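Novice: Both chains are given apart, each in its own frame, so use the hints to dock them into the complex.
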Amino acid sequence: MKRLLKYSVYYLVVLVFIGFNAALLDSLKYEKPVEEEIKPKIVLISHVYANPYWKQVRLGAEKAAKERGVIVDFQGPESASVEEGIKLIKMAYAARVSGIIAYVQDETRYNDVINKVIEGGIPLVTVDSDAENSKRLAYVGTDNVEAGRVGGREVIRQIGTEGKVAVIMGGKSVKNQIERVEGFKSYISNNSSIVIAAIESSDSYLLEAELAARKILTQHPDVKALFCTSALDGLGAAKAVKSLGLTGKVKIICFDDLPETLDNIEKGIITSTVVQQPYVMGYKAVNIIMDNIEGKTTKGLFITDVLVVDKENLDEFRKQQQEYYNENQ
Amino acid sequence: MSSENSNRNTITKTSSLRNKFIIFAVIIILPIATSNGVSLIMSNRISNIYNIMMNKMSITNEIKNNLNQSFFHFNQYILTNAEESKRLYKFYYDKAVEDVMALQQDSDIRSKYILRDLLNSLGSFKEAADRTIEIYDDRSGVDVYYDEYVWTKEIVSYCNTFISMLSDSYFDYNVNIYKGLKQKQDYINRVLMAYIIVALMLSAIYTLLFIGDITRKLKELVSASEKVVKGDFTYHEGERTYIYELDILSEAFRKMITYISKYIESLQEKAELERKLQDEKMKLLRYENALKVSQLKILQAQINPHFLFNTLNCISQTAVKENAHKTESLIRAVAGILRYSLSMMDRNATLEEEVNIVKQYMYIQKIRYEDRFEFNLKINVDLKKVVVPAMTLQPFVENAFIHGIEPKEEGGVINIEITEQGSFCTILIEDTGCGMDEGMLKEIMSDSPEQRPVGHTTGLGIRSVVQRLKLMYGRDDIFSIESKKGFGTRVYLKIPIKE
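Protein chains in written order, with this note's numbering: chain A, 255 to 583; chain B, 567 to 1065.
Among these hints, one or two may not hold up.
[As the list claims (entries may be wrong)] List of simulated lysine to aspartate or glutamate pairs, DMTMM-like, C-alpha gap at most 25 Å:
{"id": "1", "chain 1": "B", "residue 1": "K678", "chain 2": "A", "residue 2": "E285"}
{"id": "2", "chain 1": "A", "residue 1": "K293", "chain 2": "B", "residue 2": "D665"}
{"id": "3", "chain 1": "A", "residue 1": "K478", "chain 2": "A", "residue 2": "D564"}
{"id": "4", "chain 1": "A", "residue 1": "K344", "chain 2": "B", "residue 2": "D713"}
{"id": "5", "chain 1": "B", "residue 1": "K630", "chain 2": "B", "residue 2": "D674"}
Because the hints were derived from the structure by calculation, they are not lab data.
Remember, predicted model here, so these are calculated numbers, not experimental data.
Isolated chain B (complex conformation) (with noise of 0.2 Å):
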């Protein structure tokens, strides 16, 4: 009894498996309760007519044995002149007209006109009877009597008349009452049959249809069982059955495997992502680990840094009193590069302090190698704008020294071009040195840490440096090199721009 439009959650619940079997029950017991009602209260009927018919037959015949004993007695009377016999007939006759009385309260109506005949040739014959028996005590002779006699005896013959004429009458009566009910009982009977092979053809129907919603529905229950056994969890409800509980046990199981597959979801999202967590973590460690491999390569380095920059100032204030004063500028490039890279070792820094540094080398590399090379710095991006970790660029620029331009005789020139493009700076650090061959290129990069970086100020190697910012940023794609023996060696960083 489930609409269409009802609510998957809400199920009617009109129709439950108990209500199915009350209405089921309705069908069968309703129609074999009124049969049995039925054809009680009938043969009830028959038997009250059978009863009611031989209890009249049986008084009819009273009356009738009453009137011949009567006149038996009578007849005795007149032959013996017996006083009981005359008592006899007054009693029998009595009884006789009782029973004519007690019939006459409930009998049909043709049977009332004969027994009212019957009650009065009763009075008739007790009249002549009378009358007979008065002359005959008046000790008459039997002439005189005779003819009142004979009368009185022919009455007789009327009763007995009326009595069988009674007889029949109450037979055809209660034969006609029978013959009536026999017709309706036939009737019910035919009405009774057709009534419960209804009620038979409409249980079988009902019991088909209740069997066959219950098998569609557990067969639809274990295909989808056998189906979550092998993993698939969809489970398509079938149509909707007429029986609350199936729906309810459907639903439940539509509802269980919803959430086991959704449970299932979850805890693969919850692996995926701790999988990724556990990814950043070995990232961060590795660069950690390089951090702390570069620093101590610094610590390594270092002599004590206070004692060098004292020294250093110290060397910066006699240069002033000696009046020299490139020395003096000298001294506090390398004074701030030093600085530079042992504060900045561990942090970010901007392209532009980057390129400070850049600058403070050239100048002393300037000073160094006098006109030996060329320096030219080409900047076409906010500079401010990127981040890259410190101590960057300038070991490029120093291998492009080391490797480029200090082994050629007749030196070069070093283009640094920084140019945006898109959310990338690309830093372009290229030398017309003399280049190197594959195995150097190898050299520089290889990452093996017994591969020490020589002769750089930092001892930072390229090969540290480039893992850096690969760490740094997530990408593969940072850093390229080409190079060419006798031509130079091109560096290109891609750095991407973080606003």
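Chain A extracted, bound-state conformation (with noise of 0.2 Å):
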């Protein structure tokens, strides 16, 4: 007895000492980083680079070039910059990338660069924003003037073809904020006696469309909806509806699908948002690119379709984004 307990002290302390030299040894092991190959480039510049819209865009853009073998490159400024955004569209063709998509901030001064790199053989695929007349291969995103004309559509289906609704836009200069307001004042127009009692701009800032909200509100009392034509602005004008004990009385009808406007829904503040579709516009813009690169010319403009968000498709809709953010992961 005594003797297989010596035994077995001498084989534990053998063990002990063999398990701290594997725990060492095996410590010492050095992961070689597995050699990635290098593949083609494909540069995204977006209009602000930490925007959950674009961050869409970009996931949907790394899916498709996950299944074409390139990679992409998610670049933008840090705040909106054309010129920032211009650079950064020169800097991807000084280094000769394979493919650019771009944000287009100003469509008149992104016309020659836009141009520029056309001529020197890199493909460039506008994405959201339009410049219509470089020689850009082709246009992804939203038919803004459509988009408008949907956001119409909604307002009517919320309170008829009657009364008076306001009006809170991006900004005033800003190309496909005048493009929504017009498909909407067109829709409107033609198909109800609707009055638009105010337009205002909040430049795309929380606090400035929360007070044009406001405004609008205490200077026309009876407004029955309110139409927002950028993600921030439906946010701002439901912390005034809220503030102001208007939630429900006042409708606001949105834009885009950022996770306050979501919750909004939710608790029915908001009433519906048109969202875009960010996701389907990268994966459609790399697709363009590659196919071009490829031989297989592809031009013109690719339209992705608007969705109507309001309470009744929210899970749904919150399911599909959750799967694309998982496809990427």
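Specialist: Now the structure itself:
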């Protein structure tokens, strides 16, 4: 018995020593990083780098890039800046990347650089915002006039064909904002007798949007609905409506699907939102570039649909969004 | 490592002191060696990474300098139109490209992408710069090559952006690796610490057990030695240690003590034996001495035996001639006694022979004293079995006559009874004579050699007969006597029967 104990103690000691040595040797193992193959690169230049909307564009682009064997380099100015945007395109051009997907912040100022890139033999696709008069290969994005019309239809669906509405737009000189308002106006005037009481601009700032909404609601208490053409306008309007105790009385129809927007829909503060499909845009844009690189000339406009999300299809919509995220993990 | 069953004489050799020290050394040295080795490797790695990072950073910096030099000389050329500047612009450009290519060989994936961008940008720079120079060389005005010149300048700034991105990338990459290594090193340090602590504890326990083993055994040996010094040879070997050498020592000590005690025992036995031998010798000497004394006495008493026997023969024949048959048989009896006493003096005889002599003696006395006494002989034993020194019985009978019957006017009876009692033969010689008082008994039994027996045939006194018997049988209870004045005397002899 004693002998057995003695031997087991010996073996235990030996095991402990082996264990320690093994642990040390194991930790010395140097895992060599996997040699990744260097792939062609497509530069995706966003409106603003840290924007959730653009994050979805990026996810779609990356999905397509994975499928087509390229990588996407997602770039963008820290804050909206035409110079910065142009510089990024130029840089990508100087670095002779395989393709450029760019958001056009200012059509007139972008045309030259876009043409230069195309002349230099690098495929360029505009996304979300177009430069129609440039030589860009294609545009992928929402038809903002059409989106405005969808918004108009939703407003009529919510308040009927009579009454007053007000519009809050992101920027008075921003092309897509103008187009959306245009589309909205034309749909309303053609299909109803709704009067547009006011059009205010927030320049896409949350605080400005809230102030604009308050202004409208105090000046025009009989406004039945607020139509907001950019993402933050909707949130600002929601804040104002909530603080004025007009929840439910004043409908808010806005744009885009920020998480806060969806939360507000869930709470019933925002009635519904016109949602673009940034994921599809990114996905499509990369595919167009790749098609062109591979010799299949693809040009023109590629319009992505807009959806209207309200309380009823909110869950379904969220599920879809989640899937996009999961795909890229 | 000894087993309980192991033979006491064979100690398993597996656990010698040397092995113990080797194990101890291994316990101590192994962790220290391992930890040193591991630390060395880790610090090597860290310094390697640092070197690689510094190297890459310096090359990156070199690219930047070369690019700027190249651009500077390009500028110079545009300003001065000096061929040397053009050459230097190309030279520095080539150097920058070379450096980029060199870095491309061994970089992480992120840096590789940046390097590709950088290389392409450098290409664009060259392209744009060359075009600028081309236009410039055509002697065109500033307004013509201005756009290209600005573009070139822009590209240089992009290149610089890429270079700083590259630096960042390298830095991040190596910092990550360094962080990983640092983490790993922390982990390793913890493991090492645990390892060394465990090893130290183990060696401490091992040493304590080891020293305990040694001191216990040594104490045991010391106490055993102290006992031996006091003359106690009982050494109990205690528990076996796990140290071969100590076991051997204790085993040897145990054996030594055993041997010494055995030796001492045998010495004692020998001494005892020698003492006994000495005693035997003494006894023999005394016996011989007694024999010599009696022989001497016989010699003193004897006349020339031949003369005596011849004379007795002559008398016997004369008696036959004269028809004196009684005289003749009387003489023959006397001759028989004399012959027996002379020839058997230094030999043993059977009791039968003794009794015969007594009978002859009685015959003579019968004729001499006629009816003054009665003689009864009662034998209840096989006389041939009992051996006694010759002339043992006769002196007692004679004594009965001399001190019992002879002095008594009215005479008496002499009875001899020989009976067997177990392994002894008891001889009773009884007379109803005048008996003896205390003083006479003492006189008879006295050991003084001067005391000469009075009136005995052979000159042998009771005392010497008894002494002979005692010496022969080595017993003291052979003889006893009781006597009463006026009633008679009884002598008992207790002779062992020797089969």
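Novice: Out of the numbered hints, which ones does the structure contradict?
Specialist: none
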